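Colleague: With chain A fixed as given, assemble chain B onto it according to the hints.
So you can see what is in the structure, the chains are spelled out below.
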Amino acid sequence: MQRIPLFGLGIATVMVLSLEPVVLAEGQFLTNGLLPSVPVPVDNPQTDAKIRLGKQLYFDTRLSADNTISCATCHIPKTGWANNSPTDTGIKGQVGGRNSGSIINSAYMRVQFWDGRAASLEEQALGPIHNPIEMGETLENVISKLNAIPGYLEQFRTVFGTDVTTEGIGKAIASFERTIIAGPSPYDLYLQGQKDALSPAALRGLRIFNGKGHCSPCHSGPSFSDQSYHNLGVGMDKANPDLGREAVSKDPKDRGRFKTPTLRNTAQTPPYLHDGSEASLRDVVELYNRGGVPNPSLDALVFPLHLTESEKADLVVFMEALTGPVPEVAVPDLPKNAGENGGGQ
Amino acid sequence: MKTFRAIAALVLVGVLIWLASPVGAVPIFARKYGFNCSMCHSNYPRLNDFGQRYRQNGYQLPGREGDEKTVLESPPPIAARTSLGFNVQQAAGKEQDLNQFQLNGLDLLSAGLVYRNIGYMVVYLPPIPAFRGVTDQAGALEMASVVFSNVASPWLNVRVGRFEPALVAFSAKRQLTASPYEAYELAFPSGSPLSETQEGIEVTGHGGGFEFAFGWLNGSATNRVDDIPSDVYLRIAKVFGQGEGQTAGQRIGLFGHFGQARPDPTLSDKVRQPLFRGGLDASLNLGDFNLSLQFLLGQDDRDLWGSRDNILSYGGFAELSFLPATDWVVLARYDGLKLPGELDVGSINRMTAAVRYYIWDNLALHLEYSYRHQNSDLPIDQEALTYHFATVRLDAAF
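If you read the sequences in order, they're chains A and B.
The numbers in the numbering used here rise by one with no breaks, and the one at position 126 of the first sequence is 126.
To convert a position in the second sequence, counted from 1, into the numbering used here, add 1000.
All the given hints hold, so there is nothing to weed out.
Dumping the calculated DSS-like pairs for lysine-lysine here, alpha-carbon to alpha-carbon at most 30 angstroms: (1) K92/A to K78/A; (2) K1238/B to K253/A; (3) K1069/B to K250/A; (4) K253/A to K238/A; (5) K1238/B to K238/A; (6) K1069/B to K253/A; (7) K312/A to K78/A; (8) K1238/B to K1173/B.
By construction, these hints were calculated from the structure, which means they are not laboratory data.
Treat the numbers as computed from the prediction; the structure is a model and nothing was measured.
Next up, chain A with everything else stripped away, as it sits in the complex:
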């Protein structure tokens, strides 16, 4: 006997009407929205003079022990404010163990460094200066060197009302770094209603990002980072693995965990991961697709994904669509040493 689905049609209609209030607007995603305005600490407001001072300090190699390394040596503006090398070389040719994170949008991160050991950009800015294998200088020496440079002394007095101080150096560099913010990416334009801002491949990649790829549980929020720590197993198969967050927290649960990096403008900053061991975004996708590197502390959210070749390609296209324009920054003129020419790069 054949029957007409009239009652079913009625039920379906009622559902449509009842569920309408919770229907998401097209392009509205709850996890990865637009970036808010740049967060600025109350005790370090942005001023033009301070940003200008911070910019000079950022490019000044005199902050290092042998006057060869500046912040810009590893966080290079032309390479996405990061470095194309897996890890960086500091003073006296010493090679570090971790990849340089990009400065772009670092203002949005609640904690800094791969292991989150710096609670603010101000604190982060000072870290490399006294790191023995990076800039290798003592903070006392830096203060003394900068106080001897009339151009810096004058600016510190104007900006902070004091001679050069450690706190002032951190605040000035952090203020400058808060200006290195990427503009709207194609993804942002898409969220704002420009439907053609994302290619069909990028749209497919977005669906994988929020689904089968299992990316968004960790790469969540406007910065595409949960600002938390995860163990992908990278480097854990070495004899003396980098313990990551555990070295800071002293908690064995944090073994091999590293902070989730932002994915905004990530296409500009190869290589990837804390040790720069993956040369391309495609390689990173392959790593996740394999389920990371097995180890006892492997994150519960990491396991083989079974992505197809086209799904991997789409995922990369989507991540490339997270790239927005970054302010062009020219190397500034640096204050000269008393009685001689200045030493910037």
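Modeller: Quick look at chain B alone, frame taken from chain A:
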């Protein structure tokens, strides 16, 4: 009339497709996070490894406990699932006994997190009378449970209420076929099969590839209200490799269920009689293939079946799935069940093949064929015990 029927069917299909549109509403958890269904489902409704861990963690992302939004901070925690399509069922040698366009049931769901490590799941089946094109559905609260997660560690999670017991290795509620797992349907007359939800308390734990579940249940539907819950079960499983054995890793498990049930609740002089179910299971993954194996052994007291002897039964199923992508899946399954021939159930052999194409994550076009053959020594209509079943339907969650 035919034109009208065709138009009505097309309108209904259109409404369902629009309703399940990927830019529209998506089920509860996906809507909460802005995820697609494929975050938790290899092929909806089957869970992938992520979904399994999410469920194990009390509807919280592992590692994000405390940062999760509660139901009060999330979009309304309401979802529905239904399917509609054309069903054909034909007994061997008989006239067709089913050949119609149908709405196949309706589930209303609510779930979410009340507080850190406290979640809930409610599934309500509203009563629907048999009507034109609608399969009747008895109203029921199919699930209503609260889960307390990570009470001391991931090794102690407690679920209270009405739920699908974790002794069922392959969820009957999230299976991909319309044809049931025959082994999970096994029950004495008037008894409760394993596929049904149960009231009780369940303690689960997991870590390092091991997992266990221990439950204390109200037991069979034939037990009386004042009967003290007496059914207990224990399941342990081990996963080798990464994952939970859903699409990654290799999982093996075993369970034992000891229960008591009344043959008939209306017979006051009848006392509860023992029953047992035990089983071995494995979920093996190789590339895009999954092989799900379940072996089941049962022994019921003779009073439960009204038989001369205790009833020993055994059976199980083997299901091979090919899941090359989130947008389609192909599977084939053999179900077998063997009971003593003097029972009208007899033995059952069933072969099922299905293809699901996902128009979107939450809308599947489902094609299925199943052949079921039953043998019994009793003088009953043998031909009526064998039938073909086929369905073409849209399966949607929204």
